[in-house]
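In order, the protein sequence lines correspond to chains A and Z. Following full-length UniProt numbering, the numbering of the first sequence begins with 1 at its first residue and continues without gaps. Following full-length UniProt numbering, the numbering of the second sequence begins with 1 at its first residue and continues without gaps.
Be aware that one or more of the hints could be misleading.
Remember, identical chains collapse to one label, so a pair may be satisfied in a single copy or spanning two.
As the list claims (entries may be wrong) - Calculated pairs, EDC-like style, for lysine to aspartate or glutamate (alpha carbon to alpha carbon, straight line, at most 16 Å):
{"#": "1", "residue 1": "Lys64", "residue 2": "Glu89"}
{"#": "2", "residue 1": "Lys53", "residue 2": "Glu7"}
{"#": "3", "residue 1": "Lys64", "residue 2": "Asp100"}
{"#": "4", "residue 1": "Lys149", "residue 2": "Asp131"}
{"#": "5", "residue 1": "Lys64", "residue 2": "Asp18"}
{"#": "6", "residue 1": "Lys51", "residue 2": "Glu7"}
{"#": "7", "residue 1": "Lys12", "residue 2": "Asp100"}
{"#": "8", "residue 1": "Lys207", "residue 2": "Glu171"}
{"#": "9", "residue 1": "Lys78", "residue 2": "Asp62"}
{"#": "10", "residue 1": "Lys8", "residue 2": "Asp100"}
{"#": "11", "residue 1": "Lys189", "residue 2": "Glu150"}
{"#": "12", "residue 1": "Lys51", "residue 2": "Glu9"}
{"#": "13", "residue 1": "Lys78", "residue 2": "Glu116"}
Calculated directly from the structure, the hints in this document are not laboratory data.
Protein chains: 2
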Amino acid sequence: MSMAANEKEFLKNYNIHDYDVPLTSVDIVIFTIIDDRVNVLITQRADFPFKGKWATPGGFIDVKNDQTIEATAIRKLKEKTGFDAPYLEQMGSIGNAKRDPRGWSVTVTYFALVNEHNVTFADDCCWCPLDENGETSTKLAFDHNLLIKEAFLRLQNKAQYSTIALHVLPEKFTLSELQQTYEIILGGKLNKAGFRRRILKANVIEKLEGESKQTATRTAQLYRKLDQEDVHFYMREIYAR
Amino acid sequence: MSMAANEKEFLKNYNIHDYDVPLTSVDIVIFTIIDDRVNVLITQRADFPFKGKWATPGGFIDVKNDQTIEATAIRKLKEKTGFDAPYLEQMGSIGNAKRDPRGWSVTVTYFALVNEHNVTFADDCCWCPLDENGETSTKLAFDHNLLIKEAFLRLQNKAQYSTIALHVLPEKFTLSELQQTYEIILGGKLNKAGFRRRILKANVIEKLEGESKQTATRTAQLYRKLDQEDVHFYMREIYAR
DNA sequence: TAAATAGTGTCTGTCAGACACTATGAC
DNA sequence: GTCATAGTGTCTGACAGACACTATTTA
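Please work from the sequences and hints to get the whole structure.
Shown next as structure tokens:
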């Protein structure tokens, strides 16, 4: 490394490959609800390391083409799900010397919520159901079991005080369907009257006048999401006792 | 790049320098309160780029010695403040092609809260006061003005519903001092009776029986923090109207 | 005594949680 | 009619916010 006299000269001579650097990647935990259970999208690895094993979608930053780290996440998400407009939120970064056999690795993690029917995924992908602790029945590559568990806890936590679960539903839905979605994520029953009061007061959904859905027993009013960011409603407690 | 037949061979031949990779660093926004204002620690850059400019403490991961990314953050914090046990929380990561003149850069950001008297900082550091919007009076290196502003908003947000502000106080403190700390962070007056009720109910501080502090007018009971993680108390609203 | 801050008692409006009730449609 | 689910009305306890009050020290 030379001693630069000024910034221009320094930058001309700067070469990242003169340094020991970590691997830097992006991983995305994509949630949906299928058959009354929370599922995550996993993909079978085509290359080493962990070739053939299942893992969450992700990969390296394309420094030539990606402008931002979120663009990397959206690109990977689109590659695997064909869908590029989900609820997407950065979750945090995991970095240590041991998580990747290739060496020191940092991964910036995202979590996404999608409706099952918006996804037309590639052959190397499938939905994997989670148990009530956010665990899968099989061991995944890297530390991805832990990653999914952390994302699941974050999802449960946010569902307690925000309207985040809306993003799992289709365009039109009933209040009972919305309540069921919350119950599946939270793993417990909610009080009906209280749930409806809060969700309507939050002003995040709109009644579709004249539109209703036939259920097993009677009709139910349809609603749709309003174009709105994640709203927080700070309830005292969401669970019915 | 060779076609590997198995994982062992693949790993033997793997060399990160065969790829275009981003710079990966850690940045820490360290908050304290001095003279009734929120301050952040800044340090003058010894090297290019931005040599001589002020920036938040941070730097590259030492892949030979750091075991985790948090260890990198703690190492940098200790180097600059001489203090290694503050409240430290990962805030998120910023990554894009433009933020560093050397090239594509990802930084994992942390924010810390310390008591002013726990810090004995190096010559190249100083405290920098923030205005009510979390802005400094001078332009810092990289995107660090933005970084500080985001950290400040996060601090304000967490102060609304958690006991986070405790970490700014010294070992022993009065309830009035604690309330003042919240008021400085939040930028508004709080209701005294309500504040005391909530903070005592949260069960995060302990009355020091028989110990009191002489203030300008009368004595005040001293308290100390209990060994406890950040507690959330979900109040409806912290502000007095 | 006045001034200033420490610390307490109590009222009120809001709202989560609980639960019973009515409404509607399939069978 | 019965059964199941959709949807509503209302009570209650908890508590934030408001505010007035008392207590203690300096000057």
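Verification of the supplied hints:
no. : hint              : verdict
1   : Lys64 <-> Glu89   : neither (24 Å within a copy, 32 Å between copies)
2   : Lys53 <-> Glu7    : between (46 Å within a copy, 12 Å between copies)
3   : Lys64 <-> Asp100  : between (24 Å within a copy, 15 Å between copies)
4   : Lys149 <-> Asp131 : within (10 Å within a copy, 39 Å between copies)
5   : Lys64 <-> Asp18   : between (20 Å within a copy, 15 Å between copies)
6   : Lys51 <-> Glu7    : between (44 Å within a copy, 8 Å between copies)
7   : Lys12 <-> Asp100  : between (32 Å within a copy, 14 Å between copies)
8   : Lys207 <-> Glu171 : within (12 Å within a copy, 54 Å between copies)
9   : Lys78 <-> Asp62   : within (15 Å within a copy, 34 Å between copies)
10  : Lys8 <-> Asp100   : between (36 Å within a copy, 13 Å between copies)
11  : Lys189 <-> Glu150 : neither (23 Å within a copy, 37 Å between copies)
12  : Lys51 <-> Glu9    : between (43 Å within a copy, 13 Å between copies)
13  : Lys78 <-> Glu116  : within (14 Å within a copy, 47 Å between copies)
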